[in-house]
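Peer 1: Protein chains in written order, with this note's numbering: chain A, 1 to 222; chain B, 1001 to 1223; chain C, 2001 to 2244.
Hints listed in this document are in silico derivations from the structure and should not be mistaken for laboratory results. Careful, some of the hints might be misleading.
[To be verified] Only part of the chain A face toward chain B is listed, based on derived beta-carbon distances under 7 Å:
#1 77
#2 81
#3 85
#4 86
#5 133
#6 179
#7 185
#8 192
[As the list claims (entries may be wrong)] So the derived label-pair ranges between C-beta atoms look like this:
#9 A:209 to C:2071: 49 to 59 Å
#10 C:2111 to A:142: 18 to 28 Å
#11 A:35 to B:1151: 26 to 36 Å
#12 C:2168 to B:1118: 48 to 58 Å
#13 A:49 to C:2221: 25 to 35 Å
#14 A:209 to B:1051: 50 to 60 Å
#15 B:1131 to A:109: 32 to 42 Å
#16 A:211 to C:2073: 37 to 47 Å
#17 A:116 to C:2063: 23 to 33 Å
#18 A:109 to C:2015: 40 to 50 Å
#19 C:2056 to B:1141: 35 to 45 Å
#20 B:1115 to C:2015: 40 to 50 Å
#21 A:129 to C:2138: 26 to 36 Å
#22 B:1151 to A:112: 11 to 21 Å
These numbers come from a predicted model, not from an experiment. Where is the CB? At the ideal position from N, CA and C, for every residue including glycine.
Chain by chain, the residues:
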Amino acid sequence: MQSSQVSFIEIVAQLGQGLIYTLLVTLVCSATGMLVGLVTACMRRLGVAWIQPLISAYTYIFRGVPVLVLLFIVYFGLPSIGIKVPPLLAMALSLGLISGAYLSEVFRGALSSVDSAEIIAAEAMGMTRLQVFRFIELPQMLRFALPGMVNEFTTVLKYSPFAYTVGIPEITKQAMTLSATTLRGVEIYLAVGVLYFSIFRILLWAVQLIELRYRIPGLVLK
Amino acid sequence: MNGWLAFQGDLIEQMPLILAGLMQTLTLTVIVSISGLLLGIAVFYGSLSHNTLLSRFIRGYTAFFIGMPLIVLLFLMYYGLPQWGVKLSPFSVAIIGFTLNVAAYNSAYLTSAYNGLDHAELEAARAQGFSSQQIFKLITLPQVLRLSVPALTNQVIGNLKDSSVAFLIQYTEFFARAQELAATNFQFFKAYMLAALVYLALVSLIVLAARWLERRYAIVGFN
Amino acid sequence: MALIEVRKLVKKFGEQTVLNGINLDVSEGDMKVVMGPSGCGKSTLLRCLNRLEDSTSGSIYFRGEEITRPDVDVRALRQHIGFVFQQFALYRHLNVLDNVTLGLIKLKGMSRAEAKRKALFELARLDMLSSADKFPGQLSGGQKQRVALARALAMDPAVVLFDEPTSALDPVMSREVAELMNRLHQEKVTMLCVTHDLQLARQISDKVVFLDKGVVCAEDSIDQLSRHHPDQKIRAFFGQESNS
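Just chain A, with the same shape it has in the complex:
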């Protein structure tokens, strides 16, 4: 096999550049998901009646359509009816909204684990519904939801390579280019696999740190 024309340093630099885009996509989509998930879970909990079926429909549809299909609807489909969407926004509107649907369910489950006696106690004290939510339900819910949230963030990371299909030069895109120029696809994809795995482990580790920091003795899911 012909030795590569691209130096090792260049390979690392190119993958490093891709890494930044991968992290950007993951961050933007996770943040979108968190925001949408939290808002929808709140609205469900605080009971705006007419909006409940809308939220149910949202979570059902966005959990039932493949990420890639939704991404193509947003990025390639919308322009054909006159709406142009930039690549990163397209990722947020597909992968981000899908993770929002999953997170909404995660939050809903976590909210239902909050002890109802504590909620009544807070109301008996004279708190408004919003105060009860803010000071009692939300802090507990976020702790209960942590495993589900981590799960969702790693899922977002693993779907982030789809960003290359809309022209974002993230890790996988860089790997494709490098694989074509160096003809060392196996090594490069393996390295990329290890890279994703490392990000995944670092994420888990960071969450463990956060969990340790905010852990409360005796506060466990029943």
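With chain A's structure known, arrange chains B and C on it following the hints.
Peer 2: Frame of chain A, contents of chains B and C only:
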């Protein structure tokens, strides 16, 4: 309105290809759901082994495949391996890649169900004189599988949705056909919406089947 | 004028009448105990007093003001009425100190330092100062109930309502809570306690209100009720202790 007519015309014309693509999607989903479950059970069985080398290898396997995007694995096999002289068809790549990936997830579900089991039961079986293979086959696996029904059926839904990724390695499944339809008349929005609806309908069918399965195989008195 | 006056209070849940014309007075400094068989409506009565439950008809007056009217500021009312629950209902994500300060800061608008001073005072009063940093999950049942009481008292309520405060506690812890309530009684804290724990009733009060089928049937000392009340059912209810 012209657009709609053109779209409908092309849709009818390409229907055989689209249906063939749908068959490919379903074939892939069914095969990897079965092979992923079987390999998942095997991996789970290995993880219970007292051989530390084997169980450590298996932990590494599941962690790695859960932590790495499926698409990287598919690209490695489809675009990387030929450079080593190993050329696999898109179908083979998809089957192998999905199976390895799905098995890692399934074994993780089984393991977490196993951790929730009453281990006194397993002790009792050992005390009664069952071999460890018998215990696995007669007591551990049936319970663990039943407890994992929701997670395993969710994985099947995941498999169906993820099968759309296979078009990125030139496997002409349903979504690839939907794109061909879009490309012939530039009605991207309509073609992709149609695809989304079809996936949604199929997912709904699996959800209904899963609910039935859950009721059918629920263990009474076990939460 | 009594602090709380309940007049002809009726509460229905659908077809079922839980309270059927209750009349009851609680005066300042009172330590009143309401007893009765389970399902007699005693918890519902308590929940009506701070509007956790809306009554069907009749009225409740708090400091002479009718609080059963729909336009009453329920949240302001609740801040003047402490509530101690059967299951403690401490906020599990907050430590003992924060459980007490939360209401002071967010509802009374105290500064953090001010709230902390007040909370530490209340915790010291209930011998819980050394546990200020602990979380509810690390406390025994009796300790939890004392924190719950500190949380209620810190708001300087006009009255503290107790809903079966000892039913989740073992006898030793129950006695602790009873002693605490006696001490508060001496400090002129107004209390209304609903319980079916005769032991507790004996320890904390000399007069009890007996509730059955949604009406007040009798109000007297336990001795009088168990020996001399004309109704056999009431004698039996209060005599159950000597039988067992």
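Peer 1: Hint by hint, note whether the structure agrees.
Peer 2: Here is how each hint holds up against the structure:
no.: 1; hint: 77; result: holds (4 Å)
no.: 2; hint: 81; result: holds (5 Å)
no.: 3; hint: 85; result: violated (12 Å)
no.: 4; hint: 86; result: violated (17 Å)
no.: 5; hint: 133; result: violated (28 Å)
no.: 6; hint: 179; result: holds (6 Å)
no.: 7; hint: 185; result: holds (3 Å)
no.: 8; hint: 192; result: holds (5 Å)
no.: 9; hint: A:209 to C:2071: 49 to 59 Å; result: holds (51 Å)
no.: 10; hint: C:2111 to A:142: 18 to 28 Å; result: holds (26 Å)
no.: 11; hint: A:35 to B:1151: 26 to 36 Å; result: holds (27 Å)
no.: 12; hint: C:2168 to B:1118: 48 to 58 Å; result: violated (28 Å)
no.: 13; hint: A:49 to C:2221: 25 to 35 Å; result: violated (51 Å)
no.: 14; hint: A:209 to B:1051: 50 to 60 Å; result: violated (33 Å)
no.: 15; hint: B:1131 to A:109: 32 to 42 Å; result: holds (40 Å)
no.: 16; hint: A:211 to C:2073: 37 to 47 Å; result: holds (41 Å)
no.: 17; hint: A:116 to C:2063: 23 to 33 Å; result: holds (30 Å)
no.: 18; hint: A:109 to C:2015: 40 to 50 Å; result: violated (35 Å)
no.: 19; hint: C:2056 to B:1141: 35 to 45 Å; result: violated (58 Å)
no.: 20; hint: B:1115 to C:2015: 40 to 50 Å; result: holds (48 Å)
no.: 21; hint: A:129 to C:2138: 26 to 36 Å; result: holds (30 Å)
no.: 22; hint: B:1151 to A:112: 11 to 21 Å; result: holds (19 Å)
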